[in-house]
Every structure is written in C-alpha cells, then in structure tokens.
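Once you've looked at the hints, dock chain B against the given chain A.
Spelled out from the first residue to the last, the chains are:
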Amino acid sequence: MKHVIAYAEHRQGQTRKITFELASEARRIADALGGKAGIVVLGPGAAQLAEQLKAYPLDVIYVNEDGEVDEFLLDPVVDYLEAAAKTLGPALMLIPNTLSGRDVAGKLMVRLGAGIVADVVDLKVEGDAVVCVSPKLGGAIVTHCALRPNDYGVVTVRPNAFAAASGGPGAQTAPLEKPKRAYAATIERDVEEGAGELALEEAPVVVAGGRGLGGPEPFDALLKPLARALGGAVGASRAAADAGWVPYNLQIGQTGKTVTPSLYIAVGISGAIQHKVGMRSSGTIVAINKDGAAPIAEFSDLLVVGDAFRIVPELTKMIETAKGQVS
Amino acid sequence: MDHVKIVVTVKLVPDPNAEKKIDPQTKRLVRGGVETVLNPYDEYALEAGLQLKERGGGEARVTVFSMGPETLKETLRRALAMGADDALVLSDSALEGSDVWATAYAMAQALRKLEFDLLIVGGLTDDSSTGAVPGALAEHLGLPCITNARKIEISDGKLEVERETDAGYQIVRGPLPSLITTALTFGEPRYASLKGIMGAKKKTIATIGLADLSLEMPVGTSGSKTELEGFAPPPARGKGTIVEAADGPAGATAIFDFLRQKKFV
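The listed protein sequences derive, respectively, from chains A and B.
Going left to right, the first sequence walks through residues 1 to 327 as our numbering numbers them.
Going left to right, the second sequence walks through residues 1 to 265 as our numbering numbers them.
One chain only, chain A, in its complex shape:
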C-alpha cells in the first residue's frame, strides 16, 4: 500500500459529509505512506461533485458519469474502483461505512485480494503496516487491527470519525475507462423517502424517543421541534420502532443504527443494552425519564427525572429564545 483512494458515494451529485471526511483522511494517510491521494466519483452528477472536491487536498479525482452506475446494482461501482486501484497502483481503499459502502467493500476486497477492517474510527501508519482502530461488540471493546503488508487494503470508515478539512492544492480530474462488462441485477425503481432530512448517522445532535412517549404523535409534536432548535435529527429506540410509531430507519441500537453525535438527548428511553450499544459513543448524553433508577442513569451525563411532555416544550422554547438573541 502506497497510495490512498477514497470512494465518493452520492446521489445525482448530492453527497454527505463523510465524502469530505474521506477526502481529508486520504491526504493524511497518503502523506504518511509517501504516496498519492485520489478519490473516485461515478454516475450521473459525478462532474458536479468532482468540482466541489477540487477544494480538497487530493492529487487526482477519477470521474466517469456513466449512467449504468445508477441502472445496475453495485457491480459497476466495484469495476470502476478496481480500475482506479489498478491505474494508481498499490493503495489503501477508503469506503464509507454505509449500507452500500459495506457491499462495495466486500466485493472490492475479493477483487483486489485485500485485507479488510470495518467501521474504522482512526488510522495510523506504522512502518509498512496500516493500523486501524475500530469498536467491536457494540462498542464494548475497541480493537487495534493491522492490515498486513500487501498491495491493497480496504477499510470502511465510520461517519463523523474524521474531520473534513478543505485546502489546496486542488486536484485535476482524470477520466476512468468504462469497464467492458455485462451486469445481471438491474435497478428498476429508485425511490427517495424522507428526502431533505438530516441523516441520523451524521447529525451533530440526536433527539431520540422511546416507549415512554406512548405513541407516534410526540415524535412530531415534541421531538422534532427540539431537534430543529438544536440543528439535529430525530431517532428512536427499538421499542418505538417495533410499535410502529416511527419507521425502522430511525431506530438506534443493536439492530438499528449506530450514532456518535456530540449531543444525544434520550426522551422516555430506559437505556437497555439494545439501545445503549447504538449511542454510547456520543459526546454528551442527556436523558429525560420518569424513572430515576432506569439503566440510562448509569451512562448519562445528566438525567432529569420528570415529565417529558412538560419539560421538552419548555426546553425547546428556551433554546429557540437563546438562539434568537444570538443571531
């Protein structure tokens, strides 16, 4: 491994913060390895995103606006990434740890004969090995795992783990040749739901609700205004998702999403292990619960014992007033 190549996931040129985090981290690791930092941008909208990426300290931006990337599932992306890896030479591949990122990473590992470390939150170059720091067992342990010296390595990177720092010199774009392959799995329809809402995994503040809210209405009436006031997103415990109060894509925990916001506010959530493993790495944890002996007391920085239905609207008002005065 000498160079570093990141994969820029996007929809029609619209991307998330993780792409810029990967671009910055690619530069840092490439410098430590003495190689080049590149990024791969594919499919409709790629050129537009590539322009944006010129503000980041990369050496090369590989672009192909091939429409097949949005027509066939997964394989065109893997082909292009393999092509970029073969063009630039032995490299560490940085893939976002997202739903499709994980699929890409698994296939790419086999293509490149590479080792893989998943859900990485820190990277270090030690001699000719790259050491990856990654939480396992739902955050119960933090592992240090080395990619043994090899031509290629793959890591999936957890969102919010690295800083996104722009700064030149801006890279040139380079075309990637279209792979000569036929694909079997076609995307017939691609439907966006809840567009425009902040992605839970990337939100700096998460306001989550649980069984204590008693139904779906308080998620809209109580939690959304508080999340909006703090510039955050709404999440939920498994109990709330299982009860059908919110869609499953808002579920945080063992069988849901893992979030690491700087501020986590848990409303009416008891804090069972199922939930705890999805949010315990948050910066600051505040809980509102009727029961002062709930398990969440053990890992909250502040637990307010009281009636969430009375506390949350007051709190939202106070924050809105305070923010109004500042701006």
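Read the hints as simulated data drawn from the structure, not as lab findings.
One should not assume that every hint holds.
[As the list claims (entries may be wrong)] In silico EDC-like links for lysine to aspartate or glutamate, alpha-carbon gap of 16 Å or less: (1) A:Lys-124 to B:Glu-229; (2) A:Lys-136 to B:Asp-166; (3) A:Lys-290 to B:Asp-166; (4) B:Lys-263 to A:Glu-320; (5) A:Lys-17 to B:Asp-166; (6) B:Lys-5 to B:Glu-35; (7) B:Lys-158 to A:Asp-307; (8) A:Lys-290 to A:Asp-307; (9) B:Lys-263 to A:Glu-188; (10) B:Lys-151 to A:Glu-188; (11) B:Lys-239 to A:Glu-298; (12) B:Lys-262 to A:Asp-301; (13) A:Lys-290 to B:Glu-244.
[Said to hold, decoys possible] Some but not every residue of chain B turned toward chain A, in silico, with C-beta under 7 Å: (14) Leu-72; (15) Arg-237; (16) Gly-240.
[Claimed, not checked] Covered by chain A, according to a simulated footprint, are these stretches of chain B (three or more residues, beta-carbon under 8 Å): (17) 10-18; (18) 85-97; (19) 213-226.
A virtual CB, placed ideally from N, CA and C, is assigned to each residue, including glycine.
Relative to the frame of chain A, chain B by itself:
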C-alpha cells in the same frame, strides 16, 4: 417456483442482550455466563428462507450453513426446529484465527458444494459488524449481491427484490441464483413450535472439514490479511448528575443550564 433450493448462512454469536465485559487482567472477553445464540440478523435471513419455502410448496428446501466449532451443532437445532430441512457445518481447527478475508474464502469454497437457487445471508454479524461477508461471498461465487431486502418475489426463474436504501427503497430485478441479505423489516423471525422442536431431532446436520474442500489459498491465522494487535475497553463514562424536576420549567431549566455550560446553546 417449485423445487426452489435455498441456502441460509448463520453464525453463532455471544448473546447480544448480555453486557460484554473485558477482564482487565487478561484483556480478554469475559465469556462466563454469556450464552451463544444465533446471530439476530441471521434469524431474519432464515425467516425469509422459510417464507419462500412455504410459498414454494412441498418441493422447496431450506439448508442452513454455518462455519465454526462442532459444538455449534446444538444451537443449529434451533434453526432446524424453526423449519429448515437440514444443515451443513464447516468445522476445522485450522480455521481458527481466520479474519474476514479467510472466513469469506473458506465459506465460499464450502458453499460451492451446495446446489442452490438463492443464498440468503444476514445483513451484519452482531459480534463483529463487518458487513463485508455478503459482498465477498457474492464476488467469490460470481453471484449478484442484493442486500437489505424487505420483500422477495420469485417468478419464472427470476427474482424481484424490494430493498431498503439509505435514502428510501429500490426495486431490483435479478437472476437465479443470487445472493440476498435481509433487512430487519422483512418480518419477525418465527418461534419454533413443539412439533418443530421434536422434528428437528431427526433432521441431518452434516459436518465437513477443510480436507473436503479444494482450497487454493491458506486460511486460518496464516491465511489472514489482517492481524489483531490488541484491544481495550472504550474510554470510561462515569455516572452523571441526576436532577429531580418538580415541574416542566424546572426540568427544562436544568437541561438548558447544562447545555449552555457545555456550549451547545
């Protein structure tokens, strides 16, 4: 879609509902008192397989495949009790220490021994959460990889899958055979019935070892491309402040002051 042959891969993991602790002396996971169970994501994969089997009628079959120590056979009975027809275990002491690369390669070589129309895999494993195994298996076996399915239809030898994405959902069409992983919205895994539990005792759990496979690359520790250098507990999080709020404004003020002190407001 009769005669459809389905293989579901399952893994055994430490009980996800148990709190895992690291022994500060040995730096190893404290195993005592923690039960081994089917990886929760794999139960959804099995549920998907069983639903397809039911729709397929009498000729459809579900085979469970797992890799691990021979002791896992007893836990696999649970999968058979839920309704799977038989099970195959790849077990070999030389597999110990395999990383994701070596694991996926060994699994793929064993799966080549089975004939199937559909390979269903759990989306993640609860203990390691790598999420790379489905893609790696698909690549080794030359199959399309359709992940996070919440609905699967088979007709005229073709597959239509509704899959959840980060942004919403997609309808994907693919051929048979394909590899599919299931979303948790697929449907709650069933409980084994008493009849199922009794019937499972008569079902076959076959075991194969590495000698039964045609391996071209090493597996186990020597075949791994990564090396665990060590692990540690996460930074400790102390118990914080508990405030009893007499009313709404008092509770709101307590939180507001705290957020202001932490510079969130």
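*Closer than 8 Å, Cβ to Cβ, for at least three residues: run that test on the segment 85-97 of chain B against chain A and report holds or violated.*
violated (count 0)
_Given the hinted pair A:Lys-17 and B:Asp-166, is their Cα-Cα distance within 16 Å?_
Roughly 14 Å between the alpha carbons, so the hint for A:Lys-17 and B:Asp-166 holds.
*Do the alpha carbons of A:Lys-290 and B:Asp-166 lie within 16 Å of each other, as the hint requires?*
34 Å, violated
_Distance restraint between B:Lys-263 and A:Glu-320, which requires alpha-carbon spacing of 16 Å or less_ = Holds - the C-alpha atoms of A:Glu-320 and B:Lys-263 are around 15 Å apart, at most 16 Å.
*Satisfaction of hint between A:Glu-188 and B:Lys-263, Cα-Cα up to 16 Å*: Judged against 16 Å, a Cα distance of about 47 Å means the pair is violated.
*Could you check if B:Gly-240 really has its C-beta closer than 7 Å to a C-beta on chain A?*
Result: holds, 4 Å to nearest chain A Cβ.
_Min Cβ distance, B:Arg-237 to chain A: is it shorter than 7 Å?_
5 Å, holds
*asked:* Hinted pair, alpha-carbon criterion (16 Å max): B:Lys-239, A:Glu-298. Please report holds or violated.
replied: With Cα atoms ~5 Å apart, B:Lys-239 and A:Glu-298 stay inside 16 Å; holds.
*Given the hint that B:Lys-262 pairs with A:Asp-301, test it: the Cα-Cα distance must not exceed 16 Å.*
Since the Cα atoms of B:Lys-262 and A:Asp-301 sit roughly 11 Å apart, the hinted pair holds (cutoff 16 Å).
*Taken at face value, is the distance from the CA of B:Glu-244 to the CA of A:Lys-290 at most 16 Å?*
It holds: about 9 Å lies between the C-alpha atoms, which stays within 16 Å.
_Holds or violated: A:Lys-290 and A:Asp-307, Cα atoms, limit 16 Å._
With a Cα-Cα distance of about 6 Å, the restraint between A:Lys-290 and A:Asp-307 holds, given a limit of 16 Å.
*asked:* Next pair to validate is A:Lys-124 with B:Glu-229; report whether the Cα-Cα distance is within 16 Å.
replied: Holds, at roughly 13 Å.
Checked against the numbered hints given earlier, this structure breaks hints 2, 3, 6, 7, 9, 14, 18; the rest are met.
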